[in-house]
Amino acid sequence: MRKSVFSLMSLFVVLSLVLAACAPAATPTPEVIKETVEVPVEVTVEVPVEVTPEVVAYERSETLYVSGAAWGPPSDWNPFITWSKANTTGTIGLVYETLFMYDPLTDELIPWLAESGEWTDANTYDLKLREGITWSDGQPLTAADVVFTFELGQKYAALWFSPTWNYLDSVTAIGDYDVQFNFTDPLYQEWASNLYNIPIVPKHLWEGRTEEEVTAGANENPVGSGAYLYESHAEDRNVWVRNEDWWATSLLGLKPAPKRIVDMRFASNNVALGAVIKGEVDLSNNFLPGIATLSEKGYVQTYFAEAPYMLSANTAVLFLNTTKPPMDDPDFRRAVAFAINTGDIVNVAYANLVKAADPTGLLPSLAKYVDQAVVDELGFSYDPDEAKAILAAAGYVDVDGDGFVEAPDGSKIELEVTCPFGWTDWMEAIKVIANSAQDAGINIQDKTPDYGAWDTALTTGTFDMTLNNWAGMSNTPWTLYNLLFNHPIRDVMGSGNFGRYDNQQMFDLVDQLAATPSTDEAGMKAICSQIQELMLTEMPVIPLWYNGLWAQYSNAVWTNWPSEAENIPSRLPCTWSGYWQMGGLLTLTELEPVPPSE
Amino acid sequence: MKLMRSEILYFALRNNKLRVGLTIILFFLVLTFVGPMLTHYDPYDYVNPNGAQPPSSEYWFGTTMFGQDVFTQFIHGLKATFLVGVVGGGLGTLIGILVGFTAGYRGGIFDEILNMLTNVVLVIPTLAILLIIAAYLEVRGILTESIFIGCTAWPWAARAIRAQTFSLRSREFVDLARLSGMKPRKIIFTEIAPNMMSYLLLVFILQFGGAVLAAATLDFIGLGPTNAISLGLMMNYAVLWGALLLGMWWWFIPPGVAITAIVGALYVANVGLDEVFNPKLREM
Amino acid sequence: MRRYFGRKLLIYILTFFLAVTIDWLIPRFMPGNPVQTMLSRAALRAEAVEVMYGYYTRAFGLDVPIWQQYLNFWNALFHGDLGTSVYMFPQPVTKVIMRAVPYDIFLLLPAILLSWYAGNHFGAFAARTKWLDNTILPVGYILTATPYMWLGILLAWVFGIVLGVFPIAGAYSFALRPHLSWTFIRSVLHHWFLPFASLFLVMFGGWAIGMRNMIIYELEADYSHYLEALGAPRRLVRKYAFRNAILPQITGLALQLGVIAAGALVTEVVFSYPGIGYLILAAIQNQDYFLIQGCFLFIIIGVLLANFAIDIAYVIVDPRTRLGMTGEAA
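Chain order of the listed sequences is H, V and X.
The letter at position 11 of the first sequence is residue 10 when you use numbering that gives the first Met the number 0, and the numbering goes up by one with no holes.
The letter at position 149 of the second sequence is residue 148 when you use numbering that gives the first Met the number 0, and the numbering goes up by one with no holes.
The letter at position 216 of the third sequence is residue 215 when you use numbering that gives the first Met the number 0, and the numbering goes up by one with no holes.
Chain H on its own, in the form it takes in the complex (with noise of 0.2 angstroms):
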């Protein structure tokens, strides 16, 4: 019997050899052996200059480690693959740089590449660029770098800020540190965040690049002008190491604290939350419940300290699919409105995690375009007193007394508010909705398709109701608007106006906002106001919560985290992907190691 175990086992190790065989080494290292094996005996000498010696093992005390950036595992290192940045956060931001960074707490774009910039008059705008900023090879980063990466997105269509080149007409080189932006009808809001966002790449080493490697190459071992490098990857971790000669420490004095940051991809929340409360991250921007516990057992720290806990990072919006009936009735959408017992939401579904939006949606960092005056005449809250009367008075009854509502033409309402499975907090959510419209005698039922079924009816218009919150951050109300009352109408809305509110007059007012200079607040504000009385006269969306900038952090390695509190950096503390250019770099370089201890 034994022997034929062994025989059996035997098979199985030759099994797992072939199978190991078929696996890629750990370790690449055949370009140097491969130089020896060529070059005569004399040279081999020279060869093993190159190899510096690896770090294997990282010091914690000057290591930071994150998560709750990555999606998923770090698969390209390409600036303008922008769905997957999510995987490898600090692509932008830590290697590439924007020329402005933007900070949404003060709203106040910040030089960065660029030393300054300003619209010179309507359709020109003048770049001046930091003289003394190198690329991590060495080479200086100068304004042909600038026209070159800007002149990408005119060349290849596939490129996300390629519709820019709709209203820029050309953009010169004036000397090495001057650029030229020349317009017709320029979208001053779309382009206000472009600065901030669009990373600028090394001419010198893309110019060779074909249309496919620069849309969608790999990009491995990127080249940036930024305070982080490159260093490792696996498939659950991406690792960066400080540039020691990062041009802003010389130039404006900044250095980020830690050496490296170690970002860490976990599969659940869960696991993320037992590294936490284990002290493995330093800085943590999942979503994790029981936050109010874990703060109080002084696990982590906050933002704020009490509730919300957490800054507010974008709104929750209920999207109306408009084009169904009862949905195209503007009475019926203020009835759900009022229907709806947000509260319930923030305490039960949240643990008051988040806070309840405002009626038109805007973010609080963008609070002072809300005109109160139109929000107190027409905003709504929960009150289910309220939606019946409205049902009521809109020809709404009860007729064949199952406790909900029908048509003013007799029909039943039977209607679905939907999420995509496994989004937690969102599943409660929409229970908490279609339980109080319940209560309101509203039919509406939660229903939870996969992601793949949710954003196809997302997107073809087949849903009845659903929760959205793509705008995130920005530098400008357009940012939401153009989520809400994307247009023109097509068969896939892709991003925007998923309930396919068709309203011109709407339509004009976000064009009108979208070319109207940043600078021309009251001009802006205006327009703002005229959106938000018609948003709440029509409601074909319903704001419901914010979402929160999901953030903890511990104090054990790493202190001097934002806060609300006084004479403490008032950063976004955040690794997201798109936030290290508003605040999360800085909050890096503010960071202060916790001396050992005795």
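Just to be clear, a hint being listed does not mean it is correct.
On the chain X side, residues computed to face chain V include the following (Cβ under 8 angstroms) [said to hold, decoys possible]:
1) Leu17
2) Ala18
3) Pro146
4) Tyr147
5) Leu254
6) Val265
7) Val268
8) Ile299
Sample of chain V residues with no beta-carbon within 12 angstroms of chain X, all distances over it, derived [what the hints assert, rightly or not]:
9) Ile7
10) His39
11) Tyr40
12) Trp59
13) Ala176
14) Pro183
15) Ile186
16) Thr189
17) Met195
18) Leu199
Everything labelled a hint here was simulated from the structure, so no lab data went into it.
Quick caveat: nothing in here was measured; it's all calculated off a predicted structure.
Glycine included, each C-beta is placed from N, C-alpha and C at the ideal position.
Using the hints provided, position chains V and X relative to the given structure of chain H.
Chains V and X in isolation, oriented as in the chain H frame:
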């Protein structure tokens, strides 16, 4: 080999494994039917405004992070578990019987084709098929899940039954029937099946347990029912909301214990039954 | 012998063909469009979305008729090309999978083989040993009835959180880069232990119970009594019984592989262990056609290979099979 009914009952009642196993299952079964009378909540209702609370006289198994009653969820979850077991396990056994009998009795090309079919189902990752079904249905129920599990869990049963049929086929009484001109189908059902009744019962019990575990796995990775509660879903939610890490053990322990106890009891009862049917196996 | 294996091989090839075809069909029947899903996350201007949609549809080869896609798929498959991952764009699927496979082998092979070996021997030993039969075997029942993920999470909780002696995520420390040193190897083993243990324990319970029952069948069989009557030592009788009882256990192993693959999947998910199972879940959640297809293809090949290996092992262990090969086609 054939035993008198009374004799079987006698040994069944005296078999400790069977007694323990059946008692546990009966306990959960009774709980499933009596339970709904003990609670006046719905599984997803927010009943406790204070959120998570450990077990108390008001909430026997405590409440979830949102203040849902764990006991209510547990009771409804038990029902789902038994449903999956009966439907999924039953279907799996049925298909296994059909395929196994036919392959084993007819042999030849039937056997080859069915064997191939069994192999294909065996190697295809069942999760993949569930994906399409999931995507088509958008919203899944427990019954769908059960049927799906039944349709993918039969291969081992088919193989085992095929082997049993093989050995029975060559017995004298089957030969006799065949010589007397009985049709194959009739032989299968009148001669072979009755002699395998006890064996089929054992297969069903194992399928039942397997279906319950499979459902728990599917629920746990988020491919379970999207419109109902089950023990696997309870675990899924508990884990997603960090129940163990935040010390809310009451949310997480009951469903796991129940699944383990029910499936374990089934296995124990299975061995006990085997001993009852097969006198040689009885404890000395 | 040759005929037997020839026929087996033919069946395996046919099975492979069918299974792979179904595997190819599956993602294509899923509603939802992966390119659309991918782009919708980027929240772009509408014009950009339309251009990029066309661009990536072509890039993924989704713009040709469905039959053409099928032929292209087989053609690419024979060139070792499984397409490009949508979710991990622009990484090729083969590369992604090959990075995960070593972890699977490292986790599954020891867990399957050790639990099978230990379970069988323990079960055989416990059978008819009254005190063991009454004390440890019940534990076996509990273990085999435990859902994989539940045991995994309990272990993670007790050893990872409460006692804090084992890590709960990853394949090696986040403070290390793969290299050859004791620190690294220790870290790898440290991270490997809990997922291994949860797989091992559940499977161990199953094999032990199975063997215990099998061996009792054998010990009560006529030949055993006959041997005993002839005065053969008890050890010898048990040895023969074990030999016969191991056969169904080998078949059982082949049948269990699918279940084990699913068990490994949830275990990897629980411990964030970067194997195929972990990939599959991500691929499913992200509607990554090509990655789903690739992962399942890999499982199909794995299960088929293992089945084939077991077939061979069976022939070696059971001489009767060899006899049957030349005889009737049963």
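Interface hint for leucine 17/X, Cβ within 8 angstroms of any Cβ on chain V: holds (5 angstroms)
Interface hint status, valine 265/X versus chain V (Cβ within 8 angstroms): At 6 angstroms from the nearest chain V Cβ, valine 265/X passes the 8 angstroms test, so the hint holds.
Least C-beta distance between proline 183/V and chain X, which was stated to exceed 12 angstroms: Holds, since 17 angstroms exceeds 12 angstroms.
Status of the leucine 254/X interface restraint (C-beta, 8 angstroms, chain V): The hint holds - leucine 254/X has a Cβ within 8 angstroms of chain V, the shortest such distance being about 4 angstroms.
Status of the hint placing isoleucine 299/X at chain V (closest C-beta pair under 8 angstroms): Since chain V brings a Cβ to about 5 angstroms from isoleucine 299/X, closer than 8 angstroms, the hint holds.
When the least beta-carbon distance from alanine 18/X to chain V is tested against 8 angstroms, hint result: holds (5 angstroms)
Alanine 176/V non-interfacial with respect to chain X [C-beta, more than 12 angstroms]: The claim holds: alanine 176/V sits with its nearest Cβ about 20 angstroms from chain X, beyond 12 angstroms.
Per-residue hint verdict: proline 146/X, partner chain V, C-beta under 8 angstroms: Given a least distance of 4 angstroms, the restraint on proline 146/X holds.
Hint check, valine 268/X versus chain V [nearest Cβ-Cβ separation less than 8 angstroms]: Since chain V brings a Cβ to about 6 angstroms from valine 268/X, closer than 8 angstroms, the hint holds.
Non-interface claim for leucine 199/V versus chain X (Cβ beyond 12 angstroms): holds (17 angstroms)
Given hint tyrosine 147/X near chain V, where the shortest CB pair must fall under 8 angstroms: At 7 angstroms from the nearest chain V Cβ, tyrosine 147/X passes the 8 angstroms test, so the hint holds.
Interface-negative label, threonine 189/V against chain X, beta-carbon threshold 12 angstroms: holds (24 angstroms)
Against the hints set out earlier in the document, no violation occurs for any number.
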